[in-house]
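Visitor: Sequence:
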Amino acid sequence: MHTLALDPADADAVAALLDELADRHGSVEDQALQDELAVQSHRLPLALRRFLTDFRLHEPAGACVVSGYRVDQDRIGATPAHWQHRTGVSPALREEIFLLLCGALLGEPVAWATQQDGYLVHDVLPVKGHEDEQIGTGSNQTIFWHVEDAFHPYRGDYVGLLCLRNPDRVPTTFVGVQDLDISAEDRRVLAEPRFYMLPDNSHLQMLDSGPGRALAGGAELLDEAYDRLKRMRDDAAPVPVLFGSPSDPYLCLDPYFMDLDRLDEEARGALQRLSAEIDRRLGGAALAPGEIVFVDNYRAVHGRSSFAARFDGTDRWLKRVNVARDLRKSRDARAAAGSRVLF
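Reminder that position 224 of the sequence shown reads as 224 in the numbering used here, one-by-one numbering, no gaps.
Incorrect hints may appear among the rest.
[What the hints assert, rightly or not] Pair by pair, the computed Cβ-Cβ distance ranges are:
(1) S183 / Q31: 47 to 57 Å
(2) R328 / D23: 27 to 37 Å
(3) G26 / D235: 37 to 47 Å
Calculated directly from the structure, the hints in this document are not laboratory data.
Remember, predicted model here, so these are calculated numbers, not experimental data.
From the three backbone atoms N, C-alpha and C, an ideal C-beta is built for every residue, glycine too.
When you get a sec, could you build the whole thing from the sequences and use the hints?
Guide: See below:
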């Protein structure tokens, strides 16, 4: 795993920059802040900029971790009971800005209209009633390893997670494709369009309820997004699991949300062997407060170990963002050229 520990001087410089930006912007949903993320990201310490640029350009690992940032536990307060509980200025606004600035060195932070009401930065925390769900607000179930939004052609290139608190040291799990032993024959099969990805529960929940707030783009784009989700759910097109360089491939799979019944015997066998190899090599990291992990969504799968939620304000709490290297390719799914919300 690729790692960087900020030295005290750099951590202080980051804190000063975040204080300045938080004083000027009351929310990461502020379009003015989003428009200057790329510019402001170059005010981050040089060591951090070099580290994330190297991760983006040279793909040295499936994930990278940045440590050394300090979270004020008194300022952020208790872990919310639900991600929908957003009132006033976020107590973790500085951390949200830091996550976005780091993400802007990798690409363009983006949101989904069909996920957490289209907010750019998500809360990852346990919610009562979701304990046994395969989503980030669950707890009792292990989140099975996966590529984020594997079903969608506009899935992000990176997933970023910033830890606010993790008292039970619950690991975020991941493994990079470069660490897997895959036979030449299985590589051939897995690189053919013979596999079916389905939308996951975090998106499908919105089919019944819709977003809890108005989104720029209106009902027409939202209706198109729901129709697209239904088509992907009911009539998924076959896609490969491995793609890109045959000798150093990218991967895309989410076995918990794949139509396994449609697989032929050869494809099923190759997928089973790949899954067993991922299980064998899966590792992880229990993030500490202030640590950020970026998972390369083309080079790695990730998940989360199960834990017993207390629902008392002290549970694990992370902030999450998706990052796309090419925002332009999703233009047909966004309301405007500068919008970051994908429908």
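Visitor: Determine for every hint whether it applies to the structure shown.
Guide: How the hints compare with the structure:
As the Cβ distance of S183 to Q31 is approximately 49 Å, the hint placing it in 47 to 57 Å holds. Distance hint check for R328 and D23: the Cβ-Cβ separation is about 32 Å, which falls inside the suggested range of 27 to 37 Å. Take G26 and D235: their Cβ atoms lie about 43 Å apart, and the range 37 to 47 Å holds.
The structure fails none of the hints (numbered hints given earlier).
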